[in-house]
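Engineer: Each chain is listed here by its residues.
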Amino acid sequence: TQLLEQSPQFLSIQEGENLTVYCNSSSVFSSLQWYRQEPGEGPVLLVTVVTGGEVKKLKRLTFQFGDARKDSSLHITAAQPGDTGLYLCAGHDSNSGYALNFGKGTSLLVTP
Amino acid sequence: DTGVSQDPRHKITKRGQNVTFRCDPISEHNRLYWYRQTLGQGPEFLTYFQNEAQLEKSRLLSDRFSAERPKGSFSTLEIQRTEQGDSAMYLCASSLGLAITDTQYFGPGTRLTVL
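Each protein sequence line maps, in turn, to chains A and B. Take 1 as the starting number for the first sequence in my numbering and just add one per residue. Take 1 as the starting number for the second sequence in my numbering and just add one per residue.
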């Protein structure tokens with residue numbers, strides 16, 4: 001059973017388009033993290049959200065943590081080919097201790 | 001600035017052989033984690049260390065898997081009698097060790113292929 005469900009699983013868009021990817025769970029998380037992973041490399045942290053309702057912006061990327069701390073979204077404005085990669089959400093719930101629970105990820109392809 | 005490093009980056013082995021991977025964490029980080037990632041999945045937690053102490057190992061996949069961090073610095077992950085199902089990316093991460101929610105910084109991974 002996947003604790004964190006990510007959608008969509010795959011997304012192919014053209015440069016300049018906007019997109020939103022989602023991370024949902026029935027569990028409450030003390031924090032959620034978003035990572036981006038390129039083929040053959042390890043995940044690279046983009047952001048950590050901690051407070052319910054929190055919104056964080058990182059250039060063209062906007063991250064939101066749900067009020068109940070069970071879900072999160074990542075919105076990319078004016079996507080660029082360099083945004084291509086696997087976007088993973090991960091978090092600690094009350095049972096996981098120090099282990100990060102990851103979703104399966106959203107694979108994004110941005111074509112010129 | 002040196003991040004988490006892993007060696008080797010790629011390993012091809014035959015079924016039944018033993019393999020060992022090394023992870024060097026960020027120097028001031030007390031916690032070190034091992035994850036496995038198979039195709040189409042997110043990373044799956046295996047084990048972690050606080051300094052040299054292995055504090056969680058119940059999620060190692062079988063008794064063929066073992067990990068050490070003898071001096072609280074680098075760590076090794078060994079898989080004995082490899083099976084084709086062990087083919088995956090093995091990721092190491094480290095964190096400061098101040099709180100559960102400390103950021104975990106990942107290395108580039110070791111890609112294992114078992115023939």
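Mixed in with the good hints there might be a few duds.
[To be verified] Far from chain A, by Cβ distances over 12 Å, these chain B residues were calculated:
(1) Arg9
(2) Glu28
(3) Glu83
(4) Ser95
[Stated by the list, open to error] Derived, one-sided and incomplete: chain A residues facing chain B with beta-carbon distance under 10 Å:
(5) Leu4
(6) Gln6
(7) Gln9
(8) Ser12
(9) Val28
(10) Gly40
(11) Gly52
(12) Lys104
(13) Ser107
[As the list claims (entries may be wrong)] Using 27 Å as the maximum straight-line C-alpha spacing, the simulated BS3-like pairs for lysine-lysine come out as follows:
(14) Lys70/A with Lys57/A
(15) Lys104/A with Lys70/A
(16) Lys11/B with Lys104/A
(17) Lys104/A with Lys57/B
(18) Lys71/B with Lys11/B
(19) Lys57/B with Lys11/B
If you are wondering where the hints come from, they were derived from the structure by calculation, not from laboratory data. What you are looking at is a predicted structure, and each value in this text was computed from that prediction instead of being measured. For every residue, glycine included, the Cβ atom is placed at its ideal position computed from N, Cα and C.
Engineer: Hint by hint, note whether the structure agrees.
Structural biologist: Hint-by-hint comparison with the structure:
At the 12 Å boundary, the C-beta of arginine 9/B falls inside the reach of chain A, the nearest C-beta of that chain being 8 Å off. For glutamate 28/B, the non-interface assignment is confirmed: its Cβ lies about 17 Å from the closest Cβ of chain A, beyond the 12 Å cut-off. The Cβ of glutamate 83/B sits about 23 Å from the closest Cβ of chain A, beyond the 12 Å cut-off, so the non-interface label holds. At the 12 Å boundary, the C-beta of serine 95/B falls inside the reach of chain A, the nearest C-beta of that chain being 8 Å off.
A least Cβ separation of about 8 Å between leucine 4/A and chain B falls short of the 10 Å threshold, and the interface hint therefore holds. The beta carbon of glutamine 6/A comes within 8 Å of a beta carbon in chain B, closer than 10 Å, and the hint placing it at the interface holds. Look at glutamine 9/A: its Cβ gets to within about 9 Å of chain B, closer than 10 Å, so that hint holds up. Interface hint at serine 12/A: violated, since its Cβ lies 16 Å from the closest Cβ of chain B, which is beyond the 10 Å cut-off.
Violation of the interface hint for valine 28/A is found here, the shortest Cβ-Cβ separation to chain B being roughly 13 Å, above the 10 Å cut-off. Residue-level restraint check for glycine 40/A holds (minimum Cβ-Cβ distance to chain B is 7 Å; threshold 10 Å). With a cut of 10 Å, the hint placing glycine 52/A at the interface with chain B is violated, because the nearest CB-to-CB distance is about 14 Å. Here the hint on lysine 104/A is kept, as its CB sits about 5 Å from the closest CB of chain B, short of 10 Å.
Annotation: interface hint on serine 107/A holds; nearest CB of chain B at approximately 9 Å, less than 10 Å. At roughly 19 Å between alpha-carbon atoms, lysine 70/A and lysine 57/A fall within 27 Å of each other, so this suggested pair holds. Pair hint lysine 104/A plus lysine 70/A holds up; C-alpha atoms about 16 Å apart against a cutoff of 27 Å. At roughly 24 Å between alpha-carbon atoms, lysine 11/B and lysine 104/A fall within 27 Å of each other, so this suggested pair holds.
Straight-line distance between C-alpha atoms of lysine 104/A and lysine 57/B comes to about 23 Å, which keeps the hinted pair within the 27 Å bound. The straight-line distance between the Cα atoms of lysine 71/B and lysine 11/B is roughly 25 Å, inside the 27 Å bound, and the hint therefore holds. Restraint check for lysine 57/B and lysine 11/B: the C-alpha separation of about 24 Å stays at or below 27 Å, so the hint holds.
In the structure shown, a violation is registered for the earlier hints numbered 1, 4, 8, 9, 11, in ascending order.
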